[in-house]
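Chemist: Each chain, letter by letter, is given below.
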Amino acid sequence: MKLVRGGLRRRQFEAFIADATDALFRTAHLMTGDAGAAEDLVQETFIRIARRWDRVRVMDHPVAYARRVLVNLAVTEAERRSRQRAELTPPPTWFESADQTAERALGEVEDLAEFRWALAKLPSRERAVLVLRYWSDLPTAEVAAILGCSTGTVKSSASRGAARLARVLPQPSPARRPGVPARGK
Amino acid sequence: MITDEPETRLREAFTRAAADIEVPGQARQRLLSRDYHPRTVNRKLTAVLTAAAAAAITVPLAIGGGSRPAAAGPVLRLASYTFQLPAGYKLTAATSAPCHVSVAAVLPWDPNAKDRRAPPGQTAMKAAASAAGGCIAAVLAPPYTPTAAVPDPEAPVAGAHPVQVGRYHGVIVHSLTHYPPALIFSVTGIRAAKHHLFTQLFVPLPAGGGEMRDLVIGASRLSASELIKIAATGLAA
Numbered sequence: 625m626k627l628v629r630g631g632l633r634r635r636q637f638e639a640f641i642a643d644a645t646d647a648l649f650r651t652a653h654l655m656t657g658d659a660g661a662a663e664d665l666v667q668e669t670f671i672r673i674a675r676r677w678d679r680v681r682v683m684d685h686p687v688a689y690a691r692r693v694l695v696n697l698a699v700t701e702a703e704r705r706s707r708q709r710a711e712l713t714p715p716p717t718w719f720e721s722a723d724q725t726a727e728r729a730l731g732e733v734e735d736l737a738e739f740r741w742a743l744a745k746l747p748s749r750e751r752a753v754l755v756l757r758y759w760s761d762l763p764t765a766e767v768a769a770i771l772g773c774s775t776g777t778v779k780s781s782a783s784r785g786a787a788r789l790a791r792v793l794p795q796p797s798p799a800r801r802p803g804v805p806a807r808g809k
Numbered sequence: 008m009i010t011d012e013p014e015t016r017l018r019e020a021f022t023r024a025a026a027d028i029e030v031p032g033q034a035r036q037r038l039l040s041r042d043y044h045p046r047t048v049n050r051k052l053t054a055v056l057t058a059a060a061a062a063a064i065t066v067p068l069a070i071g072g073g074s075r076p077a078a079a080g081p082v083l084r085l086a087s088y089t090f091q092l093p094a095g096y097k098l099t100a101a102t103s104a105p106c107h108v109s110v111a112a113v114l115p116w117d118p119n120a121k122d123r124r125a126p127p128g129q130t131a132m133k134a135a136a137s138a139a140g141g142c143i144a145a146v147l148a149p150p151y152t153p154t155a156a157v158p159d160p161e162a163p164v165a166g167a168h169p170v171q172v173g174r175y176h177g178v179i180v181h182s183l184t185h186y187p188p189a190l191i192f193s194v195t196g197i198r199a200a201k202h203h204l205f206t207q208l209f210v211p212l213p214a215g216g217g218e219m220r221d222l223v224i225g226a227s228r229l230s231a232s233e234l235i236k237i238a239a240t241g242l243a244a
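Chains as they are written, first to last, in the numbering used here: chain A, 625 to 809; chain B, 8 to 244.
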């Protein structure tokens with residue numbers, strides 16, 4: 625009987641992994657900016673979940689719990705690394721050349737790599753806030769609960785991070801009224 | 008309807024960025040096929056080994072000779088290999104606390120799997136502990152015949168990084184598997200618990216007759232470079 629129950633638990637866990645892998649991998653990739661690191665992060669998350677599977681499997685949203693574990697692992701790991709060594713130096717022209725960037729045809733800033741690079745350069749908690757808020761679409765209070773901070777901290781982090789990311793986001797084309805020539809023309 | 012333009016643009020950017028991320032096929036396969044359930048110590052095997060260790064108090068855990076530097080720690084002998092350990096470590100029986108957990112962690116032979124090979128014997132697993140709670144565990148895995156499909160049945164496939172260990176190639180993997188949960192739930196929220204990185208080094212060695220056997224060394228409080236250095240000096244001798 626125990627073996628049967630064990631087998632059932634294991635099958636449930638395997639089904640959970642099959643169901644959660646893609647979403648967790650994408651979240652991990654957004655958090656780390658690297659496929660290898662994302663894989664490690666997802667793997668570590670599954671190891672943690674396996675240890676407490678009896679509790680997790682009866683939850684309403686096991687994948688949401690796994691995401692919570694993953695994001696915290698990512699933040700913890702990033703903070704550990706940043707303590708050990710300085711962050712990679714940003715490209716010499718990125719933040720400083722925001723205006724130049726804007727001067728480029730912003731339509732070309734469909735370049736997701738630039739967005740990801742900008743995201744990866746954010747402090748880990750700011751990045752976590754943005755990923756949870758704008759990718760996972762969680763309300764501020766839930767993001768605060770996941771990261772163990774206040775809603776005020778989430779709001780300020782989101783605001784700060786969004787302002788930095790906004791520099792690489794394509795600007796919406798200004799609606800031009802018919803017949804009104806563009807400035808300088 | 009009032010829309011927050013910057014937030015909308017951010018959401019769209021995240022959606023595009025996430026949609027652009029594809030889970031690599033091999034990564035997906037590794038994630039799906041890995042056994043996430045921590046290995047449990049084979050109680051029968053542990054009991055037998057403990058009894059053997061108790062019966063033979065003079066377990067061949069030789070401590071280093073006088074020719075070693077005074078600052079160095081003991082020498083761990085495993086088959087014909089001698090590994091110079093750092094100062095502060097003391098050899099201990101592989102099946103007793105605190106190292107039995109580490110030995111179980113590095114034990115490549117899984118009693119719960121369909122592994123028909125003989126389990127590693129007492130002389131094929133050695134350990135040393137430090138007063139600070141650190142542990143170095145070394146195991147010689149049972150021999151295997153490498154195939155194209157399974158070049159090394161012991162080495163982990165996920166999270167492993169290739170390393171050079173002297174003249175041998177190996178892989179190293181970091182894990183937090185055998186330590187307390189990293190998240191603590193409390194009234195003040197969630198925080199990370201203190202944990203120690205557990206590092207495992209797998210080095211396939213020729214075992215004769217076309218067979219190989221892995222030297223597996225795991226340590227809970229040593230860096231990867233320290234672990235590689237210990238293994239490299241032992242394998243070079």
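Read the hints as simulated data drawn from the structure, not as lab findings. Here a beta-carbon is modelled for each residue, glycine too, at the ideal position from N, C-alpha and C. Treat the hints with care, as some may be off.
Said to hold, decoys possible - Partner residues are not named here, just some residues of chain A that face chain B (Cβ under 7 Å, in silico):
(1) ASP646
(2) VAL666
(3) PHE670
(4) TRP741
Chemist: Of all the hints numbered above, which does this structure not satisfy? Sort the numbers upward.
Modeler: 4
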